[in-house]
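> Here's the letter readout for the chains.
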Amino acid sequence: MKVQTQTAQKSSFLASIVRRQIFIPIAALLILAIFNFIVDPSFFKVTLGHNSEGDPILSGNIISIIDYGSELAILAIGMTLVTAASRGQDISVGAAIAISGSVVLRVLCGTNSRPDTLQAPIIVAFLISCLVAMAFGAFNGTLVSVFKIQPMVATLILFTAGRSIAAWINNNELPVVSDRTFTYFGGYIPGIPIPTPFFIAIACFILTWLALKFTNLGLYVQSVGINEKTSRLNGLNPALIKFVTYVILGLCVAIAGFIKVSRLSTINYSVVAKDIEMDAILAVALGGNSLSGGKFNISASILGAYVIQFLTTTLYKFQVQSDALPAYKAVVVIALVVLSAPIVREKLAALFKKLRSPAKAESKS
Amino acid sequence: MTIKKILAMAASTVLCGAMFAGCGASGSSSSNNEAKKPEASSKADTADNNSSSSGSLIKVGIINNDPNESGYRTANVNDLKATFTKENGFDASFAYSLKNEEQINYAQKFIQDEVDYLLLSAADTAGWDSVLKDAKDAGVRVILFDRTIDADESLYDASIVSDMAKEGEQAVEWLKSQDLKTYDIIHLQGVMGTAAQKGRSGALDATAKELGWNIVTQQTAEWNAEKAQQIVQSAIDANKKFNVIYAENDDMAKGAVAALDRANISHGVDKDVVVIGFDCNKWALEELKKGNWNYDGQCNPFQSSYIKDIIDKLEKGETLSQKTIIMDEKGFDAKTITDADVEQYGI
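Going down the list, the protein sequences come from chains A and B. Residue numbering for the first sequence follows the UniProt record's numbering, beginning at 1 and increasing consecutively. Residue numbering for the second sequence follows the UniProt record's numbering, beginning at 1 and increasing consecutively.
One should not assume that every hint holds.
[Claimed, not checked] Below 20 angstroms or equal to it, Euclidean Cα-Cα: the simulated PhoX-like pairs (lysine-lysine) are:
| hint | chain 1 | residue 1 | chain 2 | residue 2 |
| --- | --- | --- | --- | --- |
| 1 | A | Lys229 | A | Lys317 |
| 2 | B | Lys271 | B | Lys335 |
| 3 | B | Lys176 | B | Lys166 |
| 4 | A | Lys317 | B | Lys308 |
| 5 | B | Lys240 | A | Lys317 |
| 6 | B | Lys282 | B | Lys240 |
| 7 | B | Lys240 | A | Lys45 |
| 8 | B | Lys271 | B | Lys290 |
| 9 | B | Lys271 | B | Lys59 |
| 10 | B | Lys181 | B | Lys59 |
| 11 | B | Lys323 | B | Lys136 |
| 12 | B | Lys136 | A | Lys45 |
Derived from the structure by calculation, the hints contain no laboratory data.
For reference, chain A alone in the conformation it holds in the complex (with noise of 0.2 angstroms):
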C-alpha cells in the first residue's frame, strides 16, 4: 500500500519516466518485490547467523540474490558491449566459463586433481585463466570482426567445442581444492557478512562505468553498432572495436568462472553455468537494450541480471512444482519483454499523458 502512494505522487513523472532505459528492469523488479511484499513479507527478512566456521553472515532472501545474481551481472557488461557494437550475441560464455574454471582449477591444482596445498597462488590461476578466456573472446572477436560471421554462428563453435575442451583441460578428472582461503571469493571473507561476489560485481560495475566515461570506448562501440559504414567514414575502426567487445565478455567471462569455481572449489564442467548465456542475453532485453545493436545501457542490464535471480529466488521459494518451473518462467519473461518493448512503452508513455489519474497508472504498470 505505501508503495502503492508513492507512485501516485510520481504519477506525473511517469510518462517521462517510462521512456528511460532504465524504467523497464526498474519496474521489474518493482513488479517482483510488491508481488512478494503482498504475499509473504518475510520474504525481505535478513538474519545475522554464523557459518559452520563461526564467521558472521548475513542470509535471506535479499541476499542470496545479490549474491547468486552477481556472475549473471558480470557476464551482462560485457555482453552489453557485445551486442551493441556487433549486433549479435555471444552464446558461448556458458562454455568459456567452463573452459576458465578448468583452468583456474588446473593451475592451482597441478597435475594432481586432489593436492593438499595450492601448487600455484591463487592471483596466478586467476590471471592465466583470464588470459586464456580473453584469448577465447579474441578467437570469437576474430571471427566475427575479420571473418563477418554472424555472432551467433561464429560463437556456435565455442558453445559446442567448449564443455568438451575443459574436460580436456583437467584429463577430464573432477579436481577439488581443499585450501579454505580459494572459498573466500565465491563465498564470504572471514569477518565480513556480505557474500564476496557482490562486491566482486561492484567492482566490475565501478570499472565499466569508469571506462565508460573517462574514454571514448562507449561512444565508438555505440557508433559501430548503429551504423558501421558511417564510423568508417569517421575514422573508426569498426573490426578493431567489435574486436575488443569480445575480449572484454572474455575477461568478464573470467571473473564469472572464477566466482563459480570458488563457490564449491570445483567444477563440473557439464552442467556449470549451464544455460547461463541465455540468461545474459535474457539480461540484456530486460535493460532494454536493442538485441540488433546500437544504444545501450549498462546499468540497465545488470539490474535485468538482478531481476533474473529475483524471479529465480522468488519461484524458488513458493516452491513451484519441480515440471512447471521453466513455464512460470517464461510467462514472467514473456510479459517483461513485451513490456520492454519500444512500441509497448511508447503506448504506455502516451496513455499516461492522457490518464492522469493515479489510480489508473498504478494498475496499467
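With the hints as your guide, set chain B onto chain A.
What follows is chain B alone, placed relative to chain A:
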C-alpha cells in the same frame, strides 16, 4: 568488377574443391579403417605368439558413448578397456559417439570387419533394427550394455542394464532403517524425465506416501550443485524444518551441504541432517568416509565382468538363462564404508 568476378570464381572453385575433398575424406577414412584392421590383427598375432595361448583371440567391437560425457562414462570406458585386453584373450576395437547415426555407422563397420561380438551402449533407443538384422545374418552376436534399445529381443543375445528404480529403493530402504523420529525431507531432483531421476524420485515418492514422510521441498536442481545450494538456501531462509537431504546425484548433495555449512547446520553421521547422494564419485565416498555425508547409492558403471561372463558362456556353447540381466547396485553407509571401498568403487 572484374576483381569481384575473379574472386567469385576463385571462391566457387574452392568450394567445389572442398566438396571433392569431402568425398575424398570419407573415402580415405574407410580405407583408413581397412588399413587399421590388418595392423590390429598383426598386433594380435604377435601377442598370440608371445603368450602362446591356445586358440585365437575373440574379436569384439565396442560402441560406447563419448567418455567425456560424465564421470560415470569415463569409469565405464576404463573398465571395459581394462577387461577386454589381449592378455584376457580379446581383440577389441572401440568406437565412441554421442550420436546415434554415427554409432550405427560404426556398427556397420564392425560387422564388415567380421567381429565375433558387438557390444553396444546406444545413444538413442530407436533406429537399430536393420543394422542388428545385418549383424544377425553375419553371425555377429550382439550384447547391449548400460542402455536398452527399442528392438525385438531376437535381435540381440543379452542386455545388461542398470536398474535406477532399484538404486532409489535401496537408498529409501536404508533411510527407513535409520528410524529417525521424524522424516522431513528436502528432495533435490535431477533433470526431469531422465531415467535416473524417475527411478530415484519414484522410490522416495512411493515410500513417503506410504509411511507419511513429510517432503518439505521437492525441486529439480538439474544435476547442478549451485542450483541445489540455492534451493536449500531458500528452504533455510524460509525457516523450514528438515532433517534429511535426498539428492539424486553427488553434485547436488555437495551443493546442499554448502548451503548447510553456510547456515551452520550440522550434517552427517549422528548430526542434525542426514545427507544422501548418488553415483559414488570418489570425492563423494571420501566425504562419506569423513562422516560428512550418510549414504551414497551406486549407479554401477562396471559392466565388463558381466559382459565377459556372458561371452564365456556363449563361447562354451551354453545358453543364457535370461536375456535381460540387471546389475547389482551397491549402496554405501558412512558408518561401514572402508578405504578399500572408496578405492574400488569410487568413479
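> State for each hint whether it applies.
Here is how each hint holds up against the structure:
For a cut-off of 20 angstroms, the pair hint linking A:Lys229 to A:Lys317 is broken: about 50 angstroms separates their Cα positions. Only pairs whose Cα atoms come within 20 angstroms are accepted, and B:Lys271 paired with B:Lys335 is accepted, the gap being roughly 13 angstroms. The straight-line distance between the Cα atoms of B:Lys176 and B:Lys166 is roughly 15 angstroms, inside the 20 angstroms bound, and the hint therefore holds. Note on A:Lys317 and B:Lys308: the hinted pairing is violated, with a Cα-Cα distance of about 50 angstroms set against a maximum of 20 angstroms.
For the suggested pair B:Lys240 and A:Lys317, the alpha carbons sit about 11 angstroms apart, so the restraint of at most 20 angstroms is met. For the given pair, B:Lys282 sits about 31 angstroms from B:Lys240 by alpha-carbon distance, which is inconsistent with the 20 angstroms threshold. Restraint check for B:Lys240 and A:Lys45: the C-alpha separation of about 14 angstroms stays at or below 20 angstroms, so the hint holds. Among the hinted pairs, B:Lys271 with B:Lys290 is consistent with the structure: their alpha-carbon atoms are about 13 angstroms apart, no more than 20 angstroms.
Of the supplied pair hints, the one linking B:Lys271 and B:Lys59 is violated, its CA atoms being roughly 53 angstroms apart against a limit of 20 angstroms. For the hint pairing B:Lys181 with B:Lys59, the CA-to-CA distance comes to about 57 angstroms; that exceeds 20 angstroms, so the pair is violated. Between the alpha carbons of B:Lys323 and B:Lys136 the distance comes to roughly 16 angstroms, so the proposed pair stays at or under 20 angstroms and holds. Of the pairs offered as hints, the one joining B:Lys136 and A:Lys45 is violated, with about 67 angstroms between alpha carbons and a cut-off of 20 angstroms exceeded.
In terms of the numbered hints stated before, the structure departs from hints 1, 4, 6, 9, 10 and 12, listed from lowest to highest.
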